[in-house]
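S.K.: Chain L is fixed; fit chain F onto it per the hints.
Residue strings, one per chain:
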Amino acid sequence: MNEQSTVSLAAPGTQPEYHFPAYVSSISRSPRMPLVLLPETPSERTGPVFGHGLIGERDNDLTAQHAGDPIGERILVQGRVLDEDGRPVRGALVEVWQANAAGRYRHKVDVHDAPLDPNFTGAGRMLTDEHGRYWFKTIKPGPYPWGNHYNAWRPAHIHFSLFGAGVLSRLVTQMYFPGDPLQPLDPIFNSIADAAARQRLVSRLDMDRSQPDFMLAYSWDVVLRGRYDTPFEETGR
Amino acid sequence: MSANPVSTTAGSQTVGPFFRIGLEYLIEQAPALRLDSPGVIGIRGRVLDGNGRPVPDAMLEFWNPAAEMRCGSVAEPVGFPAGFRRAATNEEGRFSVVMQRPAKAGFDRRQAPHLLVLVFARGLLRHLMTRMYLGDEADNGNDPVVTGIPAERRATLIARPDADSPGLYVWDVILQGTAETVFFAW
Numbered sequence: 035m036n037e038q039s040t041v042s043l044a045a046p047g048t049q050p051e052y053h054f055p056a057y058v059s060s061i062s063r064s065p066r067m068p069l070v071l072l073p074e075t076p077s078e079r080t081g082p083v084f085g086h087g088l089i090g091e092r093d094n095d096l097t098a099q100h101a102g103d104p105i106g107e108r109i110l111v112q113g114r115v116l117d118e119d120g121r122p123v124r125g126a127l128v129e130v131w132q133a134n135a136a137g138r139y140r141h142k143v144d145v146h147d148a149p150l151d152p153n154f155t156g157a158g159r160m161l162t163d164e165h166g167r168y169w170f171k172t173i174k175p176g177p178y179p180w181g182n183h184y185n186a187w188r189p190a191h192i193h194f195s196l197f198g199a200g201v202l203s204r205l206v207t208q209m210y211f212p213g214d215p216l217q218p219l220d221p222i223f224n225s226i227a228d229a230a231a232r233q234r235l236v237s238r239l240d241m242d243r244s245q246p247d248f249m250l251a252y253s254w255d256v257v258l259r260g261r262y263d264t265p266f267e268e269t270g271r
Numbered sequence: 020m021s022a023n024p025v026s027t028t029a030g031s032q033t034v035g036p037f038f039r040i041g042l043e044y045l046i047e048q049a050p051a052l053r054l055d056s057p058g059v060i061g062i063r064g065r066v067l068d069g070n071g072r073p074v075p076d077a078m079l080e081f082w083n084p085a086a087e088m089r090c091g092s093v094a095e096p097v098g099f100p101a102g103f104r105r106a107a108t109n110e111e112g113r114f115s116v117v118m119q120r121p122a123k124a125g126f127d128r129r130q131a132p133h134l135l136v137l138v139f140a141r142g143l144l145r146h147l148m149t150r151m152y153l154g155d156e157a158d159n160g161n162d163p164v165v166t167g168i169p170a171e172r173r174a175t176l177i178a179r180p181d182a183d184s185p186g187l188y189v190w191d192v193i194l195q196g197t198a199e200t201v202f203f204a205w
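Read top to bottom, the protein sequences are chains L and F. First residue of the first sequence: 35, per this note's numbering; consecutive thereafter. First residue of the second sequence: 20, per this note's numbering; consecutive thereafter.
No lab work stands behind these hints: they were computed from the structure. None of the hints are false.
Just the calculated beta-carbon pair ranges, DEER-fashion:
id, chain 1, residue 1, chain 2, residue 2, range
1, F, G167, L, G120, 29 to 35 Å
2, F, E111, L, W187, 28 to 34 Å
3, F, E111, L, V70, 25 to 31 Å
4, L, G120, F, D55, 47 to 53 Å
5, L, A148, F, F126, 49 to 55 Å
6, F, E47, L, H146, 27 to 33 Å
7, L, R243, F, E110, 40 to 46 Å
8, L, H100, F, D181, 40 to 46 Å
For lysine to any residue, the following SDA-like pairs were computed, each having C-alpha atoms within a straight-line distance of at most 25 Å:
id, chain 1, residue 1, chain 2, residue 2
9, L, K174, L, R108
10, F, K123, L, V83
11, L, K174, L, R234
12, L, K142, F, E43
13, L, K142, F, R113
14, F, K123, L, P76
15, L, K171, F, P36
So the derived list for chain F, only partly shown, Cβ under 10 Å to chain L, looks like this:
id, residue
16, N70
17, A86
18, F99
19, R129
20, H146
21, G196
For every residue, glycine included, the Cβ atom is placed at its ideal position computed from N, Cα and C.
Bound-form chain F, shown alone:
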């Protein structure tokens, strides 16, 4: 691989506190997919700052890289891109989405099923990128991205299945601190 050339892409600026005006239309108000259907998961969690306080104005984007481009295995609501969900936190820093369960991608069998997650908020001058894995997948321990980070930080990438609600996973995003989520750069 050759070294990355350096380019002059546009600078990032914060999404600010008022992003709902322009971005909320793409947030599902009532999930079209049913959590009790096969191939569907719910993700619920909180976004917290370095003081452990909820972040009430964060936006998350979840992308399933194994989603088929036009028609996923699960029917998507009209107009929404397959495999993509946008969420915003409420006053308590909580978010939730319902989407296709990520599967092992045909294009890379070494990776465990995962979602790519983009984190935006007032205070974040650039968005953050991370991955979310599902705690009940057998292959997480063999995933090259998971095994490439220090063992004590791996848990921040893994969503915990909710024992009371099949299909529901709990996953928090910690922006700063000792339990800080692992964020990636490419």
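Chain L extracted, bound-state conformation:
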């Protein structure tokens, strides 16, 4: 049924377990039966192709989506999307969402008593360029409390959703910030058992890409599963 596999198995501890009781919501929502390991078929080598028609002019500038400037620390977030062999993934759709500087999401189920910012939605999207690079301007998100356990607080993070060359490359994850003392306390962050793998979710302060007197920059590269030539649509339209 299959030829050479195009994806590698995760090294032990580098991906979270589905059932991770410290993260209480996982208890009733994680499968109990083992996943059925399948050989790859041609179906799994295909995947959706996203065009520039989905991307608006201000979709990678979360500070410019309203009439005024949002409150908070303006930052640039940038990096590369790479495949398992370190090759750039071109034309990859990157979707991001986040809380505002006060730690509040613009979402009806977020009841944290912190102000919404009328000038900040907290959503963006972009396609990677020919070097696999993405970048967006935003406001550094604040930490916020959640109901997982007594006095639980999420470390500051930005949610990322990425589509690689095929469905097996799909990844949803969170990018963290360096030096955040809440990270060791966070069950979601610590659901990844391997310390080096956890650190790969932490961006680095990138002074070379910061803009003096204007904004700091954080860099974060993402490696997706898969190692095959991409069928992405030609860019440049």
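M.R.: Just chain F, lined up with the frame of chain L:
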């Protein structure tokens, strides 16, 4: 086939409860395809947790691997990738999508028509992957993936045609329990 090498791809983290902020734009509010057109199906169902409770903050992505890369047999709304639909559950755990009917793929005649389905939710630290087959397709019993799983679990992969609405299929995703959906890993 050689053994899979081990790589250090980025770790997954949950989509969380607030994903609609960033991901809802790709959810069709009013389906562009008409359910009464040939080559179009609707899929309706619920996502349930291990206690049988609806999951009101799940996101599903349906991918038709036989979709032609640029122009499917059915015209797609502008901007949407052919053969792909994203759905989110409501307060009752219900979702619905309307999309191209999957066909037998030219690249693999042994497989029955199917969709690949990705399941995301608060509580899922990694997304789940499964397949959905159509209950009225003749070839499901010969599909190598369907026949490769225990007979008593196969029904979880097969959407039931709705007798009252031609083109509509009903399919639930059970995250945990005795009727747990078969989830795959590659």
